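Listed here are the chains, written in short residue letters.
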Amino acid sequence: MKLLIAVVQDKDSNRLIQALGDSHFKTTKLASTGGFLKEGNTTLMIGCEDHEVDKALDLIRDNCSQREQMVAPISPMGGNADSYIPKPVKVEVGGATVFVLPIESFFQF
Amino acid sequence: MKLLIAVVQDKDSNRLIQALGDSHFKTTKLASTGGFLKEGNTTLMIGCEDHEVDKALDLIRDNCSQREQMVAPISPMGGNADSYIPKPVKVEVGGATVFVLPIESFFQF
Amino acid sequence: MKLLIAVVQDKDSNRLIQALGDSHFKTTKLASTGGFLKEGNTTLMIGCEDHEVDKALDLIRDNCSQREQMVAPISPMGGNADSYIPKPVKVEVGGATVFVLPIESFFQF
Ligand code: NI
Ligand code: NI
Ligand code: NI
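Chains as they are written, first to last, in UniProt numbering: chain E, 1 to 109; chain D, 1 to 109; chain H, 1 to 109.
Quick caveat, the hints were computed from the structure, so don't treat them as lab data.
Fair warning: there could be bad hints in the mix.
Label-pair restraints from in silico Cβ distances [to be verified]: (1) E:Lys90 with H:Val93: 19 to 27 Å; (2) H:Pro102 with E:Gln18: 26 to 34 Å; (3) D:Ser65 with H:Gln18: 41 to 49 Å; (4) D:Gly95 with E:Ser65: 30 to 38 Å.
The structure displayed is predicted, hence computed values, not measured ones.
C-beta: ideal position from N, C-alpha, C; glycine also.
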């Protein structure tokens, strides 16, 4: 058994939890308070057998990888709207940090 | 030293924390947000010496094991109250998942 | 790689997170709900390379050690204010508990 601790973006967490559940992984979601370093992050604890670690990592990679997203900027208020052509901008979203921890023993009561 | 990470039901957590404290275990309670997989769960971190792991596991088992509980169902609103005899139903409550993690070192400042 | 789990007082946590960030440690702040055992505590997860564990421990010690603080007591309401000389009292503040956990593997996506 291993314990995976995954820190992912809030916006990706529900999709990941759904995917993990579909594959019968047991997931516990901890409240991250953000803080200024990790604003908007969620911490998941995933217990899994050794031979399922790669599957779990695949699901995290598939659902949470850092990627670029085009975002339409807000039109400036009071600007010269006629001549203003808003250009979508690229932003980085997503990203996951995963720690795989050895478990000495595991119990369910 | 070991670190026990225990995921238990909210309704069992105060009784368990009390029992752990009475036995001088140091317990930190993390906020679990529930999520749809683990609605109403609490995560506890319990640091303990190797020879006390069994004692801690006993306390978790005693206070949090999955068990059946009889629950009186709510009378249906607007039903024929005279002829309605509510039957208590069995529901599963409690349950605990515990990971025992090895600790490389431990510090108190 | 190691995973440090540090439980510190809320009042020390922002200063510590700032110090860890200045030294390029990656820190995730978990919400502790307090509970009656650990009222006002914050749990931090800090991932770091083996050779940086001592540095991280130094930062935790420097920013969170248990220490005495002089606190001016509140004047008693309706007391004889003229003859009352409030004496500052010593209280214990701070303190940190740190678990250093081995990591089997570590991923960033
Ligand atoms: Ni299997
Ligand atoms: Ni002992
Ligand atoms: Ni280095």
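Hints, one by one, checked against the model:
no.	hint	result
1	E:Lys90 with H:Val93: 19 to 27 Å	violated (46 Å)
2	H:Pro102 with E:Gln18: 26 to 34 Å	holds (31 Å)
3	D:Ser65 with H:Gln18: 41 to 49 Å	holds (43 Å)
4	D:Gly95 with E:Ser65: 30 to 38 Å	holds (33 Å)
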